[in-house]
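*Asks:* Going down the list, the protein sequences come from chains A and B. With positions in the first sequence counted from 1, the corresponding number in my numbering is that position plus 4. With positions in the second sequence counted from 1, the corresponding number in my numbering is that position plus 15.
Read the hints as simulated data drawn from the structure, not as lab findings. Incorrect hints may appear among the rest.
[Stated by the list, open to error] Taking CB as the label site, the calculated pair distances span: (1) B:P101 x A:A33: 35 to 43 angstroms; (2) A:R80 x B:A87: 44 to 52 angstroms; (3) B:G31 x A:S57: 50 to 58 angstroms; (4) A:R63 x B:S98: 46 to 54 angstroms; (5) A:D43 x B:T32: 24 to 32 angstroms; (6) A:R80 x B:K56: 21 to 29 angstroms; (7) B:T95 x A:C44: 26 to 34 angstroms; (8) B:S123 x A:A21: 24 to 32 angstroms; (9) B:T128 x A:S56: 39 to 47 angstroms; (10) A:R5 x B:T32: 36 to 44 angstroms; (11) A:N31 x B:S88: 27 to 35 angstroms; (12) B:E102 x A:A71: 38 to 46 angstroms.
[To be verified] Just a sample of chain B residues kept apart from chain A, beta carbon distances all over 12 angstroms, derived: (13) C28; (14) G31; (15) E37.
[Unchecked claim] Restricting the straight-line Cα-Cα distance to at most 30 angstroms, the calculated cross-link-like pairs of lysine-lysine (BS3-like) are: (16) A:K101 x B:K81; (17) A:K101 x B:K56; (18) A:K49 x B:K35; (19) A:K49 x A:K101; (20) A:K111 x A:K6; (21) A:K46 x B:K81; (22) B:K81 x B:K70; (23) B:K29 x A:K46; (24) B:K70 x A:K49; (25) A:K6 x B:K70; (26) B:K35 x B:K70; (27) B:K56 x B:K79; (28) B:K79 x A:K49; (29) B:K56 x A:K49; (30) A:K46 x B:K79; (31) A:K49 x B:K81; (32) A:K111 x B:K56; (33) B:K81 x A:K6; (34) B:K79 x A:K101; (35) A:K101 x B:K70; (36) A:K6 x B:K56; (37) B:K79 x A:K6; (38) A:K49 x A:K83; (39) B:K56 x B:K29; (40) B:K29 x B:K79.
Glycine included, C-beta positions come from ideal geometry on N, C-alpha and C.
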Amino acid sequence: RKEVEQDPGPFNVPEGATVAFNCTYSNSASQSFFWYRQDCRKEPKLLMSVYSSGNEDGRFTAQLNRASQYISLLIRDSKLSDSATYLCVVLTGGGNKLTFGTGTQLKVEL
Amino acid sequence: GAVVSQHPSWVICKSGTSVKIECRSLDFQATTMFWYRQFPKQSLMLMATSNEGSKATYEQGVEKDKFLINHASLTLSTLTVTSAHPEDSSFYICSAGRGQGFGYTFGSGTRLTVV
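Next comes chain A alone, as it looks inside the complex:
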């Protein structure tokens, strides 16, 4: 079983749609959780951290369920510019090791 699992997609959605991505992690000792965005042939960029209480940043909402070892990302009113691969990232190893999911590809269309 992979340490961090994501549905690879691609998810093709029309502009303005709401879309959600899920991620599960296997290491219950994981400490911090992040969503990163990666555009084609570019480096990943931090989208947002994920907290147990849930957090929102504009059109983006992240949720963490430690009991189920499950993380989600919700994008509302999706824009063409949201098209990218979204990486679920978990910090383990005493706070020193980032483990990446394979990413979920999103394509927002007109």
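For this one, chain A is given, so just place chain B on it according to the hints.
*Replies:* Below, chain B alone, put in the same frame as chain A:
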């Protein structure tokens, strides 16, 4: 803040040669930097953790004699791919963080092609 600079952006080299990639934290000090490799349509895989002033910690399956890491200062880590072969062609990315909870910033990556 938290800018990480990585050079070169891309390099094409002949099989058997060595290539050095630099990773610098521009506006903060990083006692730890990380080196990743990403093959097409795959996730980033951690290769090694670079520790300032001490030896790097390599992940299982990564040859330390092939991928030499030097972290001589708090702002610079280098990865040298020695005796590169076509199967080493990949996207190499470094990252550094300011501490737990701040997230990690990535360099812009180096696309290595070995011919």
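*Asks:* Now, for every hint given, state plainly whether the structure supports it.
*Replies:* Do the hints match the structure? See the list:
In this structure, P101 of chain B and A33 of chain A meet the distance hint of 35 to 43 angstroms, their C-beta atoms being roughly 38 angstroms apart. As the Cβ distance of R80 of chain A to A87 of chain B is approximately 46 angstroms, the hint placing it in 44 to 52 angstroms holds. Distance hint check for G31 of chain B and S57 of chain A: the Cβ-Cβ separation is about 54 angstroms, which falls inside the suggested range of 50 to 58 angstroms. For the pair R63 of chain A and S98 of chain B, the supplied restraint of 46 to 54 angstroms holds, since their beta-carbon distance comes to about 48 angstroms.
In this structure, D43 of chain A and T32 of chain B meet the distance hint of 24 to 32 angstroms, their C-beta atoms being roughly 30 angstroms apart. Between R80 of chain A and K56 of chain B the CB atoms are about 28 angstroms apart, so this pair conforms to the stated range of 21 to 29 angstroms. Checking the proposed 26 to 34 angstroms range against T95 of chain B and C44 of chain A shows it holds: the Cβ atoms sit about 27 angstroms from each other. For S123 of chain B and A21 of chain A, the hinted distance range of 24 to 32 angstroms is satisfied, since their beta carbons lie about 31 angstroms from each other.
Separation of T128 of chain B from S56 of chain A is about 43 angstroms and conforms to the stated range, judged on CB atoms against 39 to 47 angstroms. Hint check: R5 of chain A to T32 of chain B, Cβ distance near 39 angstroms, so the stated range 36 to 44 angstroms holds. One distance hint, 27 to 35 angstroms for the beta-carbon pair N31 of chain A and S88 of chain B, holds here, with the actual separation near 32 angstroms. Checked against the hint of 38 to 46 angstroms, the C-beta distance between E102 of chain B and A71 of chain A comes to roughly 42 angstroms, which is consistent with it.
With 12 angstroms as the threshold on Cβ separation, the claim that C28 of chain B sits away from chain A holds: the shortest Cβ distance comes to roughly 19 angstroms. Once the 12 angstroms rule is applied to beta carbons, G31 of chain B is consistent with being away from chain A; the minimum gap is 26 angstroms. Listed as outside the interface, E37 of chain B is consistent with that label: its C-beta sits roughly 15 angstroms from the nearest C-beta of chain A, beyond the 12 angstroms cut-off. Between K101 of chain A and K81 of chain B, the direct Cα distance comes to roughly 22 angstroms. Compliance with the 30 angstroms bound is thereby established for this hinted pair.
The suggested pairing of K101 of chain A with K56 of chain B holds, with an alpha-carbon distance near 22 angstroms, which does not exceed 30 angstroms. This hinted pair checks out: K49 of chain A and K35 of chain B have alpha carbons roughly 24 angstroms apart, not beyond 30 angstroms. Our distance criterion of 30 angstroms between C-alpha atoms is met by K49 of chain A and K101 of chain A, whose separation comes to about 17 angstroms. A distance of roughly 25 angstroms separates the Cα atoms of K111 of chain A and K6 of chain A; the hinted pair therefore holds under the 30 angstroms criterion.
With a CA separation close to 25 angstroms, the supplied pair K46 of chain A and K81 of chain B stays within the 30 angstroms bound. Taken as a hint, the K81 of chain B and K70 of chain B pair is honoured in the structure, with Cα atoms around 14 angstroms apart against an allowance of 30 angstroms. As the CA atoms of K29 of chain B and K46 of chain A are separated by approximately 24 angstroms, the hinted pair is consistent with the 30 angstroms bound. Pair hint K70 of chain B plus K49 of chain A holds up; C-alpha atoms about 28 angstroms apart against a cutoff of 30 angstroms.
At most 30 angstroms may separate the alpha-carbon atoms for a hinted pair to count; K6 of chain A and K70 of chain B meet this at roughly 28 angstroms. Straight-line distance between C-alpha atoms of K35 of chain B and K70 of chain B comes to about 17 angstroms, which keeps the hinted pair within the 30 angstroms bound. Taking the CA atoms of K56 of chain B and K79 of chain B, the gap is about 25 angstroms. The hint holds against a cut of 30 angstroms. Taking the CA atoms of K79 of chain B and K49 of chain A, the gap is about 28 angstroms. The hint holds against a cut of 30 angstroms.
Between the alpha carbons of K56 of chain B and K49 of chain A the distance comes to roughly 17 angstroms, so the proposed pair stays at or under 30 angstroms and holds. Using a Cα cut-off of 30 angstroms, the hinted pair K46 of chain A and K79 of chain B holds, with the two alpha carbons roughly 26 angstroms apart. Using a Cα cut-off of 30 angstroms, the hinted pair K49 of chain A and K81 of chain B holds, with the two alpha carbons roughly 28 angstroms apart. As the CA atoms of K111 of chain A and K56 of chain B are separated by approximately 15 angstroms, the hinted pair is consistent with the 30 angstroms bound.
Between the alpha carbons of K81 of chain B and K6 of chain A the distance comes to roughly 26 angstroms, so the proposed pair stays at or under 30 angstroms and holds. This hinted pair checks out: K79 of chain B and K101 of chain A have alpha carbons roughly 18 angstroms apart, not beyond 30 angstroms. Under the criterion of a C-alpha separation no larger than 30 angstroms, the hint pairing K101 of chain A with K70 of chain B is consistent with the structure, at around 16 angstroms. With a C-alpha separation of about 16 angstroms, the suggested pairing of K6 of chain A with K56 of chain B holds against the 30 angstroms cut-off.
Between the alpha carbons of K79 of chain B and K6 of chain A the distance comes to roughly 24 angstroms, so the proposed pair stays at or under 30 angstroms and holds. About 18 angstroms separates the Cα atoms of K49 of chain A and K83 of chain A, which keeps this hinted pair within 30 angstroms; it holds. Distance restraint check for K56 of chain B and K29 of chain B: the Cα-Cα separation of roughly 24 angstroms lies within the 30 angstroms cut-off, and the hinted pair is therefore satisfied. Our distance criterion of 30 angstroms between C-alpha atoms is met by K29 of chain B and K79 of chain B, whose separation comes to about 21 angstroms.
Of the numbered hints stated above, none is contradicted by the structure.
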